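Q: Numbering (the numbering used here), first residue to last: 109 to 250.
Simulated from the structure, these hints should not be mistaken for laboratory data.
Any given hint could turn out to be false.
Distance windows between CB atoms, simulated [what the hints assert, rightly or not]:
| id | residue 1 | residue 2 | range |
| --- | --- | --- | --- |
| 1 | Pro175 | Gly130 | 13 to 21 Å |
| 2 | Pro165 | Val211 | 31 to 39 Å |
| 3 | Pro236 | Met184 | 18 to 26 Å |
| 4 | Val146 | Gly198 | 16 to 24 Å |
| 5 | Arg154 | Gly198 | 33 to 41 Å |
| 6 | Gly179 | Arg154 | 28 to 36 Å |
| 7 | Ser225 | Ser176 | 15 to 23 Å |
| 8 | Pro165 | Ala122 | 27 to 35 Å |
| 9 | Val203 | Ser234 | 33 to 41 Å |
| 10 | Gly198 | Gly153 | 15 to 23 Å |
Keep in mind it's a predicted model, so treat the numbers as computed, not measured.
Just so you know, even glycine gets a beta-carbon here, dropped at the ideal spot from N, CA and C.
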Amino acid sequence: MASIRTLAACTYSAEQVEAWCGVRESSNYFSPILNKVVFIAEQDGRVVGFSQMAPEPGVVEAVYVHPSHAGLGLGMALLRAVETEAVARGIAELVLDASLNAVEFYAKAGYRSGQSSHHEVRPGVSIPCVTMSRSLRAPSGA
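Required output: the full structure, derived from the provided sequences and hints.
A: Structure follows, in structure tokens:
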């Protein structure tokens, strides 16, 4: 929630940010992640970031980093961990809906921008996003 409230607050309205935060508590994540791939970054026993992928159909669902660790490469390391696991599972391409504040991050990671989209964070409240994708196949001739 700190990541959303701090890093997305310049891009989205207070209503959108609070709807996005919703009831995000660690106890609410156990059941929904049973069929997901999740990587967690810890420092001194505290979670400072995580990434999440739905292996079928190859969707990056989340990369969050605590604001105190933003800009230090942790988000990229969490994203690369998801990509490495995707390659190991034979997934040829990953897709995601990037929040507007994260588009540049994903572009630097090699994701291509696609269509504008919206992600409903709560019934009646959505945030604009950009659908992005990245091929995990090695370039021809490599």
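Q: None of the hints should be skipped; say for each whether it holds.
A: Each hint, compared with the structure:
| no. | hint | verdict |
| --- | --- | --- |
| 1 | Pro175 x Gly130: 13 to 21 Å | 19 Å, holds |
| 2 | Pro165 x Val211: 31 to 39 Å | 21 Å, violated |
| 3 | Pro236 x Met184: 18 to 26 Å | 24 Å, holds |
| 4 | Val146 x Gly198: 16 to 24 Å | 19 Å, holds |
| 5 | Arg154 x Gly198: 33 to 41 Å | 34 Å, holds |
| 6 | Gly179 x Arg154: 28 to 36 Å | 18 Å, violated |
| 7 | Ser225 x Ser176: 15 to 23 Å | 30 Å, violated |
| 8 | Pro165 x Ala122: 27 to 35 Å | 33 Å, holds |
| 9 | Val203 x Ser234: 33 to 41 Å | 18 Å, violated |
| 10 | Gly198 x Gly153: 15 to 23 Å | 35 Å, violated |
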